[in-house]
Each structure stands twice: as C-alpha cells, then as structure tokens.
Amino acid sequence: MKFIYLTLLLLIALHVNAQTDFYSTDYSVSRSDLTTQVYTKDSTANALVIYEYGKSYIDDETFKLVSEFKRKLKIISSKGFDKATVSVYLYNDGNKNKEKIKNVIATTYNLKGETVVKTSLRSNEIYEERYNDHYTIAKFTLPNVKEGSVITYSYTTETPYVYNFKSWAFQDDIPKIYSEYNTSIPANYEYHIKLVGFLKLDVNESVIESQCLTVYGGGYADCTVSKYVMKDIPAYIDEDYTTTKDNYLAKIGYELNTIKKFDGRIDKISKTWNDVDKELKTDSRFGKQLKVNISNDTFTSEVDALKRAENIFSYVQDTYTWDGTYNIFGDISVRDLMKNKSGNVSEINILLHNLLEENGIDVKPVLLSTRANGFVTKIFPVISEFNYLIVQATINNQIYLLDATDTYVSFGELPFRCLNRDGRLLDFKNGSTWVEINPKTLSTMQYKVDLKLEENDLLVGKADVTSTGYHAYPLKKSYYSNKSEYLKHYQEKYNSINFTEHKVTSPGRTSYEFQEEFNIEYQAENINDNLYINPFLFKLMSENPLKLQERTYPIDFGYKDAYLYTLKIDLNDNYDILEIPEDLNISLPNNKGLYIFSTKVIDNDIVLYFKFTFKETIYNPEYYESLKVFMGTIIDTQKNSLIVLKHK
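Residue numbers for the sequence shown follow the working numbering, beginning at 5 and rising by one.
Derived by calculation from the structure, the hints in this document are not laboratory data. Check before you lean on any hint, since a few could be wrong.
What the hints assert, rightly or not - Below, in silico cross-link-like pairs of lysine-lysine (DSS-like), each with a Cα-Cα straight-line distance of 25 Å or less: (1) K83 with K150; (2) K572 with K456; (3) K106 with K116; (4) K74 with K106; (5) K255 with K368; (6) K596 with K632; (7) K255 with K275; (8) K255 with K170; (9) K59 with K102; (10) K265 with K170; (11) K551 with K564; (12) K68 with K295; (13) K311 with K255; (14) K433 with K275; (15) K456 with K497; (16) K68 with K264; (17) K551 with K204; (18) K170 with K122; (19) K249 with K632; (20) K572 with K543.
Everything numeric in this text was worked out from a predicted model, so none of it was measured.
Please put together the full structure from these sequences, using the hints given.
Structure (structure tokens):
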C-alpha cells in the first residue's frame, strides 16, 4: 500500500517588498496608476483600492463626531464599474438630530493618448434618497468611468451620536493595497475596541495627546490618538463552509463602555450580564412568558423522564408551526401561539420550555445568534446581537439542546442554522453563563453496495444507504415531504443506474438515522471484450467546494462528519481481473482528517473500501490549501478509479 501524507501548507502573510506599479503612498494620482492595468497579486480583480484614508475625531466647537474619508480606486474591467457608485448611509432619530455629509469631492482620471483627462463630479449629481424611517442614503456616481480609469473621492460626515464611534472596514470584496484609519478619542470616553477577522495590522500605534479638546467651562481633555494600517489586503470572496462574512471581514469596531463626566460622575453605558439577567427576568415580552402556565397533564403518566421529555418535544413539533420569524425580543405571546397554532421561534421554544418545566424537567432558555446573523460579543453583553432562542434540558445528568421549530430534527439535535459556536444560558437564580453550541455526535453518510456480475455484463444487486445527523436531515425532508418525487430525483441524478425497488427502513421523519435500500442494475461498459467499471456508482462528493487561491477566514463545517463507501462485486467465476485501483492513504496535518482507499481481491470477489473523515468542526485558514488538496483527491478518486475485467 502506498502512503501519502499531505504537508500543512501554511498561508503565512509575508510582507513582500517587491515593487508595485501602483502608487499607494498617498491620495494623489500618478501616471503609473493609470497605465498599470493588472494587479499582479490578484489577477482576477475587477477593481482595486490603491489607497484609502480615514480620520474620526470630536470637533472642538460642535462636539459632534466628525469622520473624514478619502479613497483612490482603480477600475480594471467593466465588471468593476459598480465601484464608481458610492452610497453613504446617514442615520436620524426621527426628530431634529441627524447625520450629515459634506465636502464631497470626486474626480475621474483617464488617459487620452499621453494626456491625463480629469472629469469632476458636479454638486447637482449628489442626491439623497430615503432608505427607511431612520436612514437616508447619500449617493453619487463618478462621471466618465471607463476600463482603466482611476477615481478618487472624499467626503466628511458629521454626527451628533458620539456614542456610536465610527467603525472602519479594512477588507472589502475587492483587494486593497493600503488602508489607514486614524482616531482621536477624548479620555472621558471609554470604548471597547475590537479587531475582527484573521488579518494582522501592519501599524497599530496609540499616543496620548494632551489638552486636545476644549470642554465647557474652559477646561481641557486629553485624547488617545491612534493609527491603524493594513497593507496588501486580499479581497473577501464568499465560499462554502462559512457563516456570515461580517464575522471575518477585517475591521475595527467600537462599543461605548463608560462616559466620565467633568463633574466626576460616571455613566456606565455597557451593561453587565447581571444587569441583563435582571432585565430579561422581569421583561413582559420575555421573562414573564417563561412563567405562563400551560396546564397540560397529558404527559404525567410517563414515569421515565427522558421519554416524557421526548413525548413533549414531539407534541410541540407536531402541534405548532413555526412561521419563519425569529422576533426574539419583540411581541411574544405563548397564549397567542396556543390559540393560533403558529408562531415565532421564541413562542414555540418558550412553550416547549414551560411544558417541560411543568412536567418535572430541569430546563433553561438559551439565547444564541444564528449562522447568518453573526457571532456574538463575549467580553461584554450586546443583547441586540442575539436573534434566536432554544432550550437546554438536563435529564439524568445528560444535557440536551432542543429546538421544536423544525419537524425533521430529532430530540437533542438543533437545526443547522443554530450551529454558531456560543449561546448564553439564562439562569435567573445563579446567573447566566456561556455554553458551547456544538454537536456532540458525528454526522455520517454510508453506502454499502453489494453486486453480482451476470454473464450479460450486467451488475445486479442492492445498495444500503444510511445517513445520520446533518447528512440525514435533507434526505428526510426530501423523502417525507414528497415520497413519489424522492426516487425520481435519484434516477435523474444517477441516470446510468436502473433502480428497480426502493424502501425506507428507518422509523420516521424525526429519527436521527435515515436508512434506505435500493435494488439496482448497472450495465458495465464493454470495449473490445474488456469490461470497464467505475466502482463509485454513488458519489459521496461531486465537486470540490474549495476553489479560491487564498482564503483569509476559517472553513466552518458546523459539525464533524465522516463518509464511508464499500463495494463488493461477485465475479461469478466468469471474469479475470486486469486492473483494480491503487490503494491510497492520506491524512490532513495534525491528523485532523483521514482518507483511506483500498481495493482487495478475496476469493472471487472484488472488495473496495473508501472512507474519509473531517475530525474538526472548524479549520483555521492555514488549513485551506491542505483541505483543498484533500477534497480534490476525494473527487479525483471517485471520478477516475477503474476496474478492468475480461471474460474467461
């Protein structure tokens, strides 16, 4: 057997001092900016930020937060024309207070022969449109934009909402050569500052500037002046196996913690979890709903606590329909749910919570944020980041996380949308704590194919297919929602196989396993009296989902999984074996994944064994190249493996 081990291909962000033809030192446009038409570090880029600069500070006279912004951008191809339209969102509270934009200057640079032609944006080409009750959008599109143009634009925003300090996104869906952000924060404002993403800052400097701000009464305040720079920033491109991009785009964000007033008072803006627990416990839309008495004694006769909990879970699943909304802190009414038989996530799972509690099960609500909503901040509470509620049940010292909104999940299994790392367990007696939202069991997909080769070169036999967990879910949903269409889908997907019979042997739609059997026939290909058989009648993975040159964010599967394919072909003593696939064994770095492929001849049978396992839920970006090769090998094995036989 041949053993091959993939070497970890570390994606080390080296600072390369190689010359670039773009002038990224400042805002001015050079001739090389115009003549250079390709960004060598990303030849697929349609546009490129050459230079951008931002500065935010408290104005000494108005005491408003002022933010200055400058950007120089290259339009490489027509697909980058959309970058010439700029939208700036401006907030208002519905009263007199609102954000403003001013000093908009925008210019397009083109080469006409050897002459640089400048076209400036006119003031009447800047307009505002209403977005919703609290936002307007200031918009402008730079004129005379062509392939090869360089555009520059700058503007200033002014806001009375000092609490909401301006964040800064270093990364975008196009690459950037240089991005710089400068801030000046008065010492009496204390912010939580967090850098999001996996990219590193090239410059991170802070100094204290004395008496930077004159305050009421003739006093002065010191300021923390900071400079943040990133260079050679790759574009963020969405790919499979991830959560929302807001989790990984390189950016700096601010959350106001305290304000120290000049009379010595301190206003604490950020709350503690103790504060949040007290508020949620007494909140009429949330905490009081947890005390609504359901008065349902249907389940009291079941002595076994686990069976009793499973019966209650099934009852809520079958009786109440999720309306597709979350509404975690909005209008919640368990009694309305019981009346209408339909409701939001909070109503359904609070009803589940209350029923379980009334029937002697130890339960607590858990707040979380779905995969599409983003990660929650753990160093301090930001309650607005949560958008979902589930239930934790403790039965016989075993913990189960429950969500009754989905009619296809089993007891103790969460919908995939919930698999987003962390949840906040609300314990109003002992204080809330963080819990890990991570499946404890392995999701699997297994094909067991047993065939006999008849004299007419027809392979006849059956395939047993067993899937568990998150691999079982889409199959259960497809089968139980439309049984007649289910087999038709298989026949369309595998049109070279004749499916003569199909049956499902698992107990029902909420079973953790989905088991099915197929009777099949497959005609081997006969060329010059040689039979050619691709042993992978069923594909475990049809194409490589990892296609990027570089990925700066983790590969997040959501769960650990394993795939197994076994094949036995009885040659019926009528064929000689000319060729079988070569054995192969591969492991991911640090043994975080395993691939085994072997083919043996035992008596008169060909026996093939193919297995690959992903042992981690989340892989950091440095594993990307290894994973891409790993998956590519899986695809190649299924596509190009061949068994060659000859009639005796």
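Status of the hints after comparison with the structure:
1. K83 with K150: holds, 11 Å
2. K572 with K456: Answer holds: K572 to K456 is near 8 Å, not above 25 Å.
3. K106 with K116: violated, 31 Å
4. K74 with K106: It holds: about 13 Å lies between the C-alpha atoms, which stays within 25 Å.
5. K255 with K368: The given pair, whose Cα atoms are some 35 Å apart, is violated under the 25 Å limit.
6. K596 with K632: It holds: about 14 Å lies between the C-alpha atoms, which stays within 25 Å.
7. K255 with K275: holds, 24 Å
8. K255 with K170: Holds, at about 11 Å.
9. K59 with K102: Measuring from Cα to Cα gives roughly 20 Å; hence the hint holds.
10. K265 with K170: holds, 21 Å
11. K551 with K564: holds, 21 Å
12. K68 with K295: violated, 45 Å
13. K311 with K255: The hint is violated at about 48 Å.
14. K433 with K275: Answer holds: K433 to K275 is near 18 Å, not above 25 Å.
15. K456 with K497: holds, 23 Å
16. K68 with K264: holds, 17 Å
17. K551 with K204: holds, 24 Å
18. K170 with K122: violated, 31 Å
19. K249 with K632: Holds - the C-alpha atoms of K632 and K249 are around 20 Å apart, at most 25 Å.
20. K572 with K543: Roughly 16 Å separates the two Cα atoms, so the pair holds.
Taken one by one, the earlier hints fail for this structure at numbers 3, 5, 12, 13, 18, listed in ascending order.
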